[in-house]
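Asks: Chain order of the listed sequences is A and B.
Just so you know, we're using my numbering here: the first sequence kicks off at 1 and counts up by one.
Just so you know, we're using my numbering here: the second sequence kicks off at 1 and counts up by one.
Worth flagging that the hints you see were computed from the coordinates, not collected in a lab.
Accuracy of the hints is not assured; some may be wrong.
Stretch-level coverage of chain B by chain A, calculated; a stretch enters the list once three of its residues show a Cβ under 8 angstroms from a Cβ in chain A [unchecked claim]: (1) 45 to 57; (2) 186 to 195; (3) 299 to 313; (4) 345 to 352.
In silico EDC-like pairs for lysine to aspartate or glutamate, Cα to Cα no more than 16 angstroms straight-line [said to hold, decoys possible]: (5) A/Lys296 to A/Asp247; (6) B/Lys134 to B/Glu202; (7) A/Lys111 to A/Glu159; (8) A/Lys83 to B/Asp73; (9) A/Lys83 to B/Glu168; (10) A/Lys14 to A/Glu176; (11) A/Lys10 to A/Asp247; (12) A/Lys179 to A/Glu159; (13) B/Lys83 to A/Glu159; (14) B/Lys83 to A/Glu306; (15) B/Lys206 to B/Glu168; (16) A/Lys134 to A/Glu176.
Not the full set, but computed from the structure, chain B residues with beta-carbon under 7 angstroms of chain A [claimed, not checked]: (17) Thr42; (18) Val74; (19) Thr77.
As the structure is a prediction and not an experimental result, all values here were calculated from the model.
We treat Cβ as the ideally placed atom computed from N, Cα and C, and that holds for glycine.
Number of protein chains: 2
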Amino acid sequence: MQKNPFELLKTSEKSKARLGKLTTAHGVVNTPIFMPVGTAATVKGVMPRDLKEMQAEIILANTYHLYLRPGTDVIATAGGVQKFSGFNGPMLTDSGGFQVWSLKDLRKIKKDGVEFRSHLDGSKHFFSPASVMKAQREIGADIIMAFDECTPYPSTLEEAKHSLAYTERWTREAMEWLKENPPLHGYPQYFFGIVQGGMHKELRAKAIETLKELSPDGYALGGLSVGEPPEVMYEIADFCTDLLPQDRARYVMGVGTPWNLLELILRGVDMCDCVMPSRNARNGMLFTSQGVLRYKAGRYARIVDEAPDPECSCYTCRNFSKAYLRHLFQAGEMLGMTLATIHNLHFYLELMRRAKQKIAEGVFEEWALEQIPILQRDIP
Amino acid sequence: MQKNPFELLKTSEKSKARLGKLTTAHGVVNTPIFMPVGTAATVKGVMPRDLKEMQAEIILANTYHLYLRPGTDVIATAGGVQKFSGFNGPMLTDSGGFQVWSLKDLRKIKKDGVEFRSHLDGSKHFFSPASVMKAQREIGADIIMAFDECTPYPSTLEEAKHSLAYTERWTREAMEWLKENPPLHGYPQYFFGIVQGGMHKELRAKAIETLKELSPDGYALGGLSVGEPPEVMYEIADFCTDLLPQDRARYVMGVGTPWNLLELILRGVDMCDCVMPSRNARNGMLFTSQGVLRYKAGRYARIVDEAPDPECSCYTCRNFSKAYLRHLFQAGEMLGMTLATIHNLHFYLELMRRAKQKIAEGVFEEWALEQIPILQRDIP
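Isolated chain A (complex conformation) (with noise of 0.2 angstroms):
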């Protein structure tokens, strides 16, 4: 294993918001960051001339969507993805887990692994921990995850023990296949263990304490966001930060919302992604300063001379109109879904900006419970 790639730079005193820095060998990510989604090695829309503008530190991608296309041999023969897609930061890869996991009836769960259907063409294809090691290998993303077994919401806990046994099984067999297949392309990969155990506190307990005999370089929280009311997600991600070891990164996956994230933030979480800036925006919502905008809105058609968050200093806000925007959306022109994105992603990570400032001046808690009401309200 690598050594962490976490350093830890403050708690604060009034919660346990942190700020840390993770260094990779594509660049330092500072946290509480939020990882845009780039899942078939793009941000959907968006260039990475843009994401770097955004000031973007790192980018998710998918090993299942890469692996069905264009296949993780064409990636690892251009050099990893960073290579590839042009983004030339830091990346991370989901393990594929959670996507296996979600096709449903186009999957079969073994012991030692999952068989499945592609969503694309129907061919059948099997993940093994090792063979979704291989794959982040060839990949070749900074940060890279287990191979995990999603544990459904609500579940039993005689379920949920039975999922986190494949959890733990697969995890330990992706560590043993990660020691004796260094690299592919001359830089770490810094492997993140995932905890599961559904909404059960004492399976998460478990799983956290088997993990930490394994010492992964990180710390994810799976099978949250997954249907539970968010004050279950809270307590469970607050409940799990306890007891995770201060010195390695925690990362929520898949959340959320602004307002989740600065609710995670207060319970000591690092960092989060979500395909919901980036979606949403392209089905016509923006999350501004001032709550909740849905910009295709006929109530926007005329308004010429306001910027659809007039806070905002993204590329979008400085030189278009709401009018625009909503003339766009209703033409059915692609600039409007990139433009969109542009501005839910630049506001995603100027709010990690403002909170790493506000934890760092001692005043996040104030700020952020002031702030959540205000993100959460919709635009009239």
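Since chain A is already given, all that's left is putting chain B on it; use the hints.
Replies: Positioned in the frame of chain A, the structure of chain B alone reads:
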């Protein structure tokens, strides 16, 4: 009427190729020029800053589309299409004549204009020369076009004569309306007349004679590239530029491939526009310095170390491989269309810049004849 915005700087000694410049309130356009098409006040998938980077000097938008959506009154409220779209450079609007003519079953041509149904919702509308000029005043492009009646191909002399009579009457009416209704946004709008007449030289000559008496700020050739063989198009353009005044800009509407452009420049044409580079980019075709590249082909799946056009300096070719572009297309990712569009438009504009340089150096003819067969070939 405004004063003529065009200045003729040089005519080649070996062909009719010319260097000139058009001066507008939003900037200078150096001719010969290609105008990217931004139908609905956006060049599909491309941001204004990308257009600036590729040094697009003028963009075309469509009156018909903007009239229907978002409505020309919205654009007027924004202070014109340059501000509305964020391009902030010279723009030209097509009059909508060609678009309503293309509606075929949805329109009825009358003496005083065209009655048509919207292709969007079937609603009924009427375009007259005056209403179209009013719409173009509201949109506020730097160059506005006559409302014409496109002559079908093929057409008999009688049909073409009949069609031309409409265009001539409507041009007169448009110019009268414009005289009494000055620009709305505080800067001049130059009016270009459109020469019709089908492939009948005597009618083209008559059309030019009539138009010269009206003395518009510039001259467009309409009704070309409507199905006739390229040689016929070249011949008609050649015939017309002999008759057109030397001191005004000549614009061939809706043409064409890179080699079409070089052929037209040889024949004394200053301006062209076409959806081809942007539309074909989205469909998987790139125009390159080596010929036509169908980037979606499987043979590019593993070409990870070569730009789409190795000779090109556009953002796409500087940062991405054939394999990545092909992957994006296969995965249905918007970014593929954006990157391909950026390349094709950059390629067209760069070809025009080279053409200008070669005309200045007095070697355009040799260079163009060498380039044409290279540009046309299919890359295996």
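Asks: Taking the hints in turn, state whether each one holds.
Replies: Going through the hints against the structure:
1. By the rule of at least three residues with a Cβ nearer than 8 angstroms to a Cβ of chain A, the coverage given for the stretch 45 to 57 of chain B holds, with 5 such residues.
2. Given a C-beta distance limit of less than 8 angstroms, the hint that chain A covers the stretch 186 to 195 of chain B is violated, as 0 residues qualify and 3 are needed.
3. Only residues whose beta carbon comes within less than 8 angstroms of a beta carbon in chain A count, and the stretch 299 to 313 of chain B has 4; three or more means the coverage holds.
4. Only residues whose C-beta sits within less than 8 angstroms of a C-beta in chain A count toward coverage, and the stretch 345 to 352 of chain B has 0 of them, not enough to reach three; the restraint is violated.
5. Distance check on the hinted pair: A/Lys296 and A/Asp247 sit about 45 angstroms apart at the alpha-carbon level, beyond 16 angstroms; violated.
6. Among the hinted pairs, B/Lys134 with B/Glu202 is inconsistent with the structure: their alpha-carbon atoms are about 32 angstroms apart, more than 16 angstroms.
7. For the hint pairing A/Lys111 with A/Glu159, the CA-to-CA distance comes to about 15 angstroms; that is within 16 angstroms, so the pair holds.
8. Taken as a hint, the A/Lys83 and B/Asp73 pair is broken in the structure, with Cα atoms around 47 angstroms apart against an allowance of 16 angstroms.
9. With a CA separation close to 58 angstroms, the supplied pair A/Lys83 and B/Glu168 exceeds the 16 angstroms bound.
10. For the given pair, A/Lys14 sits about 40 angstroms from A/Glu176 by alpha-carbon distance, which is inconsistent with the 16 angstroms threshold.
11. Between A/Lys10 and A/Asp247 the alpha-carbon distance is near 11 angstroms, which keeps this suggested pair within the 16 angstroms criterion.
12. For the hint linking A/Lys179 to A/Glu159, the alpha-carbon distance of about 31 angstroms lies beyond 16 angstroms, and the restraint is violated.
13. With a C-alpha separation of about 59 angstroms, the suggested pairing of B/Lys83 with A/Glu159 is violated against the 16 angstroms cut-off.
14. For the suggested pair B/Lys83 and A/Glu306, the alpha carbons sit about 12 angstroms apart, so the restraint of at most 16 angstroms is met.
15. For a cut-off of 16 angstroms, the pair hint linking B/Lys206 to B/Glu168 stands: about 10 angstroms separates their Cα positions.
16. For a cut-off of 16 angstroms, the pair hint linking A/Lys134 to A/Glu176 stands: about 12 angstroms separates their Cα positions.
17. Interface hint status for B/Thr42: upheld, as the beta-carbon distance to the closest one in chain A is roughly 5 angstroms, under 7 angstroms.
18. Checking B/Val74 against chain A: minimum C-beta separation of about 6 angstroms stays under 7 angstroms; hint holds.
19. The interface hint given for B/Thr77 holds, since its Cβ lies 5 angstroms from the closest Cβ of chain A, which is under the 7 angstroms cut-off.
Hint compliance for this structure: hints 2, 4, 5, 6, 8, 9, 10, 12 and 13 are not met, and every other hint is.
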